[in-house]
Amino acid sequence: MAQVDLTSLESPAKLEEFYRQMVFIRHFEERCNVAYRQGLIGGYMHTYIGMEATGVGFHHAIKVGWDYVITAYRDHPQPLLMGSDPVAVMAEIMGRKGGLSKGKGGSMHIYDKERNFFGGWGIVGGHTALGGGLAFAAKYRGEDRVTLCYLGDGAANAGVFFETLNMAGLWDLPCIFIIENNEFAMGTRLEYHAADTELWKRGLPFGIESERIDGMDVLQVAADARRIVDKVRKEGKPYLVEVMNYRFVGHGAADNDRQLYRTKEEEEQAMRRDPIALLEKILLDRNVMTREKMEAIEAETEARVDEIYEKAKASPFPDPHEVYDDLYTDLGPERGH
Amino acid sequence: MIETTFRDAIHRCIDEEMERNPDVFVIGEDIGRYEGTFKVTKGLWPKYGEKRVVDTPIVEPGFTGIAIGAAMTGLRPIVEMMTMSFSILALDQIINHAAKIHYMTGGQVSVPMVVRGPGGAAKQLSAQHSHSLEGWYAHVPGLKVVAPATVQDAYGMLKTAVWDDNPVIFTENPGLYTLKGTIPDDKDFTVPFGKAQILREGSDLSLVGYSRMTQVNLAVAEKLAEKGLSAEVVDVRSLLPLDTETIYASVRKTHRAVVVYEDWRSGGFGAEIAARIGEDCFDDLDSPVLRVGGLNVPMPYARVLELECIPDVDDVLATIERKLG
Ligand SMILES: Cc1ncc(C[n+]2csc(CCOP(=O)(O)OP(=O)(O)O)c2C)c(N)n1
Ligand SMILES: [Mg+2]
Numbered sequence: 001m002a003q004v005d006l007t008s009l010e011s012p013a014k015l016e017e018f019y020r021q022m023v024f025i026r027h028f029e030e031r032c033n034v035a036y037r038q039g040l041i042g043g044y045m046h047t048y049i050g051m052e053a054t055g056v057g058f059h060h061a062i063k064v065g066w067d068y069v070i071t072a073y074r075d076h077p078q079p080l081l082m083g084s085d086p087v088a089v090m091a092e093i094m095g096r097k098g099g100l101s102k103g104k105g106g107s108m109h110i111y112d113k114e115r116n117f118f119g120g121w122g123i124v125g126g127h128t129a130l131g132g133g134l135a136f137a138a139k140y141r142g143e144d145r146v147t148l149c150y151l152g153d154g155a156a157n158a159g160v161f162f163e164t165l166n167m168a169g170l171w172d173l174p175c176i177f178i179i180e181n182n183e184f185a186m187g188t189r190l191e192y193h194a195a196d197t198e199l200w201k202r203g204l205p206f207g208i209e210s211e212r213i214d215g216m217d218v219l220q221v222a223a224d225a226r227r228i229v230d231k232v233r234k235e236g237k238p239y240l241v242e243v244m245n246y247r248f249v250g251h252g253a254a255d256n257d258r259q260l261y262r263t264k265e266e267e268e269q270a271m272r273r274d275p276i277a278l279l280e281k282i283l284l285d286r287n288v289m290t291r292e293k294m295e296a297i298e299a300e301t302e303a304r305v306d307e308i309y310e311k312a313k314a315s316p317f318p319d320p321h322e323v324y325d326d327l328y329t330d331l332g333p334e335r336g337h
Numbered sequence: 001m002i003e004t005t006f007r008d009a010i011h012r013c014i015d016e017e018m019e020r021n022p023d024v025f026v027i028g029e030d031i032g033r034y035e036g037t038f039k040v041t042k043g044l045w046p047k048y049g050e051k052r053v054v055d056t057p058i059v060e061p062g063f064t065g066i067a068i069g070a071a072m073t074g075l076r077p078i079v080e081m082m083t084m085s086f087s088i089l090a091l092d093q094i095i096n097h098a099a100k101i102h103y104m105t106g107g108q109v110s111v112p113m114v115v116r117g118p119g120g121a122a123k124q125l126s127a128q129h130s131h132s133l134e135g136w137y138a139h140v141p142g143l144k145v146v147a148p149a150t151v152q153d154a155y156g157m158l159k160t161a162v163w164d165d166n167p168v169i170f171t172e173n174p175g176l177y178t179l180k181g182t183i184p185d186d187k188d189f190t191v192p193f194g195k196a197q198i199l200r201e202g203s204d205l206s207l208v209g210y211s212r213m214t215q216v217n218l219a220v221a222e223k224l225a226e227k228g229l230s231a232e233v234v235d236v237r238s239l240l241p242l243d244t245e246t247i248y249a250s251v252r253k254t255h256r257a258v259v260v261y262e263d264w265r266s267g268g269f270g271a272e273i274a275a276r277i278g279e280d281c282f283d284d285l286d287s288p289v290l291r292v293g294g295l296n297v298p299m300p301y302a303r304v305l306e307l308e309c310i311p312d313v314d315d316v317l318a319t320i321e322r323k324l325g
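In order, the protein sequence lines correspond to chains A and B.
Take 1 as the starting number for the first sequence in our numbering and just add one per residue.
Take 1 as the starting number for the second sequence in our numbering and just add one per residue.
Derived from the structure by calculation, the hints contain no laboratory data.
Treat the hints with care, since some could be wrong.
Examples of chain B residues toward chain A, derived with CB under 8 Å [claimed, not checked]:
id, residue
1, PRO57
2, PRO61
3, PHE63
4, GLY65
5, ILE66
6, ALA67
7, GLY69
8, ALA70
9, HIS102
10, THR105
11, GLY142
12, ASP165
13, ASN166
Think of the CB as a built atom: it goes at the ideal place given N, C-alpha and C, for glycine as much as any other residue.
Model the full assembly from the supplied sequences, consistent with the hints where possible.
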């Protein structure tokens, strides 16, 4: 196949947007890590550092607000991309009243119903069935909504995921299962958790069109994602895509010894394909953006993230009595101990 | 008034609500072409087609999750569990997902879903098909759990369940399916959750139960009356939310309570009811709160052994005699 110049597919404005979004996610996540170390974020928190190109590439293929998006606990970037108030995202991560879930969800449970972002789930593999259900609803209503259902390589072994693939294939559910293969399920390398490490094949037994793509080059992801999303929207059938990416940091903020499961050398090797650096090189080589402009965007983004962080930090913690709120739509739980 | 059975009342309710609103659909194993294991959904598939009567593969976690996902967008799935025993496979979806969604999203996303099916012993279905799980579910904040004992309540409470915006566990004791009764000729009839009812008034002791055990309690009250004892029968019918006021009012009147439930006696929901009566009505009680529950063994197959496990009129009478004299 002839080499397509992917930069030519995207307008300069689009290319700048890719860049800005990836840099924003990177800084946002790094800020989260700092806040975590300072004790301002608790619990389990997982960042998207190194994986930005996947989320950004797919984001540009969907109709935001119309299509459904669901993911696991590594869920900070989606709402940020979809236009949720970043202060409300950060406030949720910090357990504040001003968070999207009023401080009840935390880092792993971020939702923005208004934008059709459906979270934000902590049971590995569990949400894939819900993703199937979102697609089921779209089909039931005869709408041309597409569902993006992200999951990890570890989640790709879950029984409920296979059950969902079967039903998606059986009932033609317009769901795109995006396996983000970052080579690790927590501290367990792909080779130690999957009998067949070619995870893209998971869709084949169910008659689901499936493929593997590179997740580090945002232009490639965006092109592939557009092709896949358009196809699913048109044909109303499921699709499975294994996206090869890598997380540059620990599994979660609490993972501070990556040498237990991978070497520094392999990390360095992977980081040579840092999605942000890759895009910078393309932008420079093709004269789309100057180094000065990039530095300006960096500085601007850093300032913006600082501002988001400060605003989120200014949001109060929930009042203790709010503990009873929102359990049901119409009644409170029994009170007291 | 319409003469019907417990089974047909449930069927009628589903049919009427599907007719009323296209957002309502049923999903589960063998509910369409095969008409349902207990025939509750018979006739729906020819009428509504496979889009709204969804025959699934045998994957309780998977299809329950699909239903939850659909409900998150505002559809109103009625999930049939072939038996509630099989819903154990879907506990992760029901408890870790459905029950927590409204809370975890800060009220953004609700799950208007009903999970219904036969819960409890049928006849010789033995260890893996005879579970009473309502106590497990009633343990979980975020779920609503109901267990009707009468034909009218089966009809009216399922209507409420379908239109409730929260996940509802609706348990049908298989021993009740052929129970006869009447329902109002009114498609808008509903029975609210969180309201217990007094099915028989009495002054000497309160028999507290739900689902089929309420029918057992009615028979017990009859027997006690022959002996000159006046028993009040409290039908709890809604476990979560629980109407403690009606239960307490009865106990404050009779000063004695016996709680009867089919689930394993240890740690079952009857234990919760007994504990609450003990906590809140201590000064009104003339004797300890008694419990009659299922025997703490897996349900055996042989009919004599099975009957040994399920509380019946004689078991309740014997307990009353032994403990209250
Ligand atoms: C059912 C379940 N088991 C175990 C865990 C603990 N856990 C959280 S994340 C994780 C690894 C998942 O890896 P993967 O699916 O590859 O996603 P990634 O973190 O790489 O994005 C594990 C074991 C969990 N949250 N849920
Ligand atoms: Mg992984």
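Evaluation of the provided hints:
Taking 8 Å as the C-beta cut-off, the interface hint given for PRO57/B holds, the closest approach to chain A being about 6 Å. About 5 Å separates the beta-carbon of PRO61/B from the nearest beta-carbon of chain A, less than 8 Å, and the hint is met. About 7 Å separates the beta-carbon of PHE63/B from the nearest beta-carbon of chain A, less than 8 Å, and the hint is met. Given the 8 Å rule on beta carbons, the hint for GLY65/B holds: about 2 Å separates it from the nearest Cβ of chain A.
Interface hint at ILE66/B: satisfied, since its Cβ lies 4 Å from the closest Cβ of chain A, which is below the 8 Å cut-off. Interface restraint check for ALA67/B: the shortest CB-CB distance to chain A comes to about 6 Å, inside 8 Å, so the restraint holds. Given hint, GLY69/B at the interface with chain A, holds; its Cβ is 2 Å from that chain's nearest Cβ, closer than 8 Å. Interface restraint check for ALA70/B: the shortest CB-CB distance to chain A comes to about 4 Å, inside 8 Å, so the restraint holds.
Using the Cβ-Cβ criterion of 8 Å, the hint placing HIS102/B at the interface with chain A is satisfied: the shortest such distance is roughly 6 Å. Because the beta carbon of THR105/B sits about 4 Å from the nearest beta carbon in chain A, less than 8 Å, this interface hint is met. The beta carbon of GLY142/B comes within 6 Å of a beta carbon in chain A, closer than 8 Å, and the hint placing it at the interface holds. A cut of 8 Å between beta carbons decides the hint on ASP165/B: the least distance to chain A is about 4 Å, and the hint holds.
Interface hint status for ASN166/B: upheld, as the beta-carbon distance to the closest one in chain A is roughly 5 Å, under 8 Å.
When the structure is compared with the earlier hints, no violation turns up for any of them.
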